[in-house]
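Now for the letters of each chain:
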Amino acid sequence: MAASPEGVREIWPREITSETDTREQLRLEAAHRRRRGYDDLFIVDLDAHHFETESWNDLVEFIEDPILRHTALSYKRRPDSRLPPVLLHTNGGQFSQSAAGRIPHSSLSPGEAVDDPTVHRDVVPLRRSMDAMGIARMVIFPNALLQLGTHPDPNVEVNLAFAYMRLLTERILPGDPRLKTMAFLPFCDPTACERMVQTYADHPDVIGFMITSVRKHPVHHNAYMRLYGMLQEIGKPLAFHAGIDTQSGMMLQLDRFVSMHAVSFALSNMIHMTNWVMHGMGERFPRLNLVWIEAGLAYLPFLMQRLDNEYLMRQSEAPLLKRLPSSYIRDMYHCAQPMERTNMKLLEATFEAIDGENKVLFSSDWPHWDFDAPSVIMDLPFLSEQGKRNILGETARRLFRL
Amino acid sequence: MEVFVAALADLADRERRVIEVHGVEIGVFRLGDTVVAYRNRCPHQGGPVCQGRLMPKVEEPLAADGSALGLRFSEDVVHLVCPWHGYEFVLSSGEHPGAPDLRLRRYRTELRDGQVYVHV
Ligand code: FES
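These protein sequences, in sequence, are chains A and B.
Converting from the first sequence to the working numbering requires adding 1274 to each position, the first position being numbered 1.
Converting from the second sequence to the working numbering requires adding 14 to each position, the first position being numbered 1.
So that you can see chain A by itself, here it is in the shape it has in the complex:
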């Protein structure tokens, strides 16, 4: 542009790409927060991601099993490789998170330049996203590893879960005190889950434990009772992280990413929520707090009504319940993202049904394609001021003792 008149300037970059600095990608969110006067908020983001496959070479060094470690090392990733690393179990056919490059921050191979050699590479973009969104604590999870729940070899999930936790707690979380995680439970193996709890129960950066929802293991199986008892005892919440399922049963009919994603994330959490409620887990472990991640909120009023309606006709099949199923779901905590808000009346009714001002938690899911910035909560017209503060951080501060 030629010499600009006063008050006029050109904005760069003209086009945002997967190489663009996170601060530039989220620049307008920072401006929005300042304009709204929310700079003083204590914002907790309960679900963000880093690209652990970019650190694959670091991760495989931590694999305990010598045979699996050898297998992983023998395919050690070249720095320029774009192939999924061996041992992973990523969904074939549909993995276009970035909508074929339309949403650059969701690219699986971000090329953003990092400028701080004193910390692990992944810390830098995470730090930039926290600064831009005004986040005081950010819980981070992996990407591709979230699909290990259907790996045919349980040993792989167990070994990668422990290796990943070492990468996180030894290399990444120490890079910024705002970063936290919920430990990855290798749910295919109850004994390994118990070992995970024992290992990280007292770790200050591990604020809870997480099960990836896409799997075939029913949560009410007796093999898990000791695990839930341990979690209840240590007082750290248990989270279910919804996910992509392109391969099981009827899901195979959904041939567009948008269709599969819309159904799969809600369904994967609904299955576990239904089993948890109908098998009376809320009565068995009343002090264990449950958090549901990344399935949005719209599925909740559906499931609450559906379960209540059918339970009243078939109480004999769920004899442990002392209240309506919906009442147990109201006891739980729900991360809002991706918060469906094309119909504000339905969203308001949903918040009412789940006691949203006290039970909804903010999560961004950054840098995924359907992320929510904190402003989506700030701008909700039906929430009280205290409700917004609760959702954005105060409820999480109490629940996770932050």
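Source of the hints: derived by calculation from the structure; they are not laboratory data.
This list has only true hints and no planted wrong ones.
If we take Cβ atoms under 10 Å as the criterion, some of the chain B residues that face chain A in the derived model are: (1) V17; (2) F18; (3) R31; (4) I33; (5) G37; (6) E39; (7) N54; (8) R55; (9) C56; (10) Q59; (11) G61; (12) P62; (13) G66; (14) V95; (15) E102; (16) A113.
By construction, the Cβ of each residue, glycine as well, lies at the ideal position given by its N, Cα and C atoms.
Please arrange chain B with the ligand on chain A, whose structure you already have, making use of the hints.
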């Protein structure tokens, strides 16, 4: 207020400038022999829509009996894709193709003596 953006000759077809005018960000795009301008604020979550990719519209032609003939790129309709979550807007009109009520805030542009101006 009229603001000079660029000489038309300095903008290739489908090239853009994103400018800030007294705190308001505006994307100005050349589209063939015309120029369009929109506010750099997406109606979805406020993302920097004018800094998104330009992509041909994707179409799905049908046979006479209703059978789908597969997806293809349009040869003339260009979409501006918001980089935050992928909302697409027809570049010439600023409308979301599946929800025309969702539209970008448009600014008047003017071509004078080979120069591009936007009215803010
Ligand atoms: S802000 Fe533009 S698509 Fe969400």
